[in-house]
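Visitor: The chain contents come next:
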Amino acid sequence: MKTPKISIRDLKLWYGESEALHGINVEFVENQVTALIGPSGCGKSTLLRCLNRMNDRISGCRIEGEVLIDGDDIYAPEVDVVQLRTHVGMVFQKPNPFPKSIYENVAYAPRIHGLAEKSSEMDELVETALRRASIWDEVKDKLNSPGTSLSGGQQQRLCIARTIAVQPNVILMDEPCSALDPIATAKIEELIDELKGEFTIIMVTHSMQQAARISDQTAFFYMGDLIEFGETGKIFTQPEKQQTEDYITGRFG
Amino acid sequence: MNHTIKRFDEELDKLKELVLTMGGLVERAIGNAVQSMLEQDEALAKRTIEQDDEINDLEIECDEMIRDILVRRQPAAGDLRLILGIIKVVTDLERMGDLAAGISKAMLTSQENPPKNFSNLDIMGEKVQKQVKRTLNALSRGDTNLSMKVIDKDQGIDKLYKRMYREMLTYMLEDPREISSSIIVSNVAKSLERISDHATNISEMVVYITRGHDIRHVEHDAAEKMLSGDDG
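If you're matching them up, the sequences are chains R and B in order.
Residue 72 in my numbering sits at position 72 of the first sequence, with consecutive numbering throughout.
Residue 1031 in my numbering sits at position 31 of the second sequence, with consecutive numbering throughout.
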C-alpha cells in the first residue's frame, strides 16, 4: 500500500443545524485517482470541498475532525488558505475560464504567486501547463484569443492547465465531464490518466461508468456517510455492502 | 430490490428463465441418452440426438441476450457476476447436451455388436443426473451449500468411472470379442464423468455469481473456508 496523501479523520460538517457529513474516516493514496460516487446530496461534493477549504466561505458551515495533507492539518489556524489552494487545485463541473486570453488564463495565478520572474519564464510555464493539459497543439497559434472562444472540452482542459500551472500536488475535480460530449469526455479521462503520475486526483462523478473507467479507488457515499471505500475493480464486481451494490447496479429508490 | 429501470429486471429474469429451460432440456437429454443405451432403444436415441438442436438454439439465444444486456445495461457488481457466470454456464450446458447426444450416437453406431454388460452404468447415470439436477437447483436458488455438495460429490463420480474403466479393461483382456462393446461402455462412462465435471463447473459459477468468490482450481477445504469467512 502506498503512503496516504490525504487522511480524513472523524470529519463532521454542518450547514447550520443540518449535519451533512457524519464522521468520515478515509485515506487517499498519492498518485492515484479516487472517485467519489453517490446519489445527489450524499456529501461527496461537500467532502471534496473540504479538501481545499471551499466550504469556509459558506455561512453557517462548521467542521469537526481533521483533514491532513502530507500529515499537516489543513484546518490548523496557521494555514494560509490561499497557499493551500495552490497545493490543492480544483476543476469545476462547468468550464469557467477567466474572461481573458488563453495565455492569461494560465499565467494569471503563477504571476500572483510570483512563480515566474521573466516573461520568457512565464512563456515556458504557460506552454508546459498547456502541454501537460494536452491542449497546447490546439491553442499554440491563438494564445491571445479569449479563453471563452474555445469549445467546452477545450475550455475544461484550459481550466486544468490553469490549475496545474501553480504546481499543485492534489487536484480536485467536481464532475469535470458532466457538461462535455463523449469525445471531449474521453480526452479529459485520458488526461486524468496521464496526470495521475504527478498528482493525486480526487474526483466527484455521477457517472459510474466513468468511475469504473478511470479511478483506482472508489468511495461510495450515502446520506453523509462513507458507506464503502476500496479498489475500484472490487467495488464494481464484488462490493461488500448491500447499499453499494444497490447503488451501482441501479437499484436505488 | 428491483432495478430502477424495470425493463432491466425483466431482461435478467428472462435470461435466467432461458438458462434454466436449457438446463431442463440438458437434464432430460442425459436421462434419455442413458436410457437409450441401457434399453437399446433406437427411437429414443434418435430423438435425443434431434433434441440437441433445441439446446444449441437456446445457447445462441442466451448469448444474444447477454450481448444485448452488456451493450445496453453495462451491468455491475451482482448483475455483472450473474452475466459473467451465465456466459460460462451456458457453454457448460451446451457441452453437456453434446455429450448426451454423443451417448445416443454411440448407441446407434454400436448396433452391429451391441454391448450387453453395462456394469454400473445405470447407477452412474442416476448419480450424474442427480448432480445435474442439484447444480441446476443451486443455480436457480443461488444455493452455495448445494453447489459445494455438487463439487464434493464429483469425486465419487470420478471414482466410479475409474472403477468401471478398470472393469472394462478386465473384460477386454479376458475376451477380445468384448473389446468393442467394452470400449463403448467405457466411453459412455467417460461422457457421464465429463457431464459431472461440467455440473461442477456450473456449481463453481453459482458460488461466483452468488458470493463473488472464484473457487475454480481451489481445493475443496480452502473453498469452504473462503465461503465461511464471509459469514464471520
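Treat the hints loosely; a few may be bogus.
[Stated by the list, open to error] Label-pair ranges, simulated between beta-carbon atoms:
no. : chain 1 : residue 1 : chain 2 : residue 2 : range
1   : R       : H206      : B       : E1054     : 43 to 53 angstroms
2   : B       : E1064     : R       : A179      : 30 to 40 angstroms
3   : B       : E1219     : R       : D137      : 48 to 58 angstroms
4   : R       : Q209      : B       : G1142     : 20 to 30 angstroms
[Stated by the list, open to error] A short, non-exhaustive set of chain R residues, derived as facing chain B with CB atoms under 8 angstroms:
no. : residue
5   : N96
6   : F98
7   : T249
These are calculated hints, taken from the structure and not from any lab test.
For each residue, glycine too, the CB sits at the ideal point set by N, CA and C.
Visitor: So, against the hints stated earlier in the document, which numbers end up violated here?
Guide: Hint check: 5 and 6 fail, others pass.
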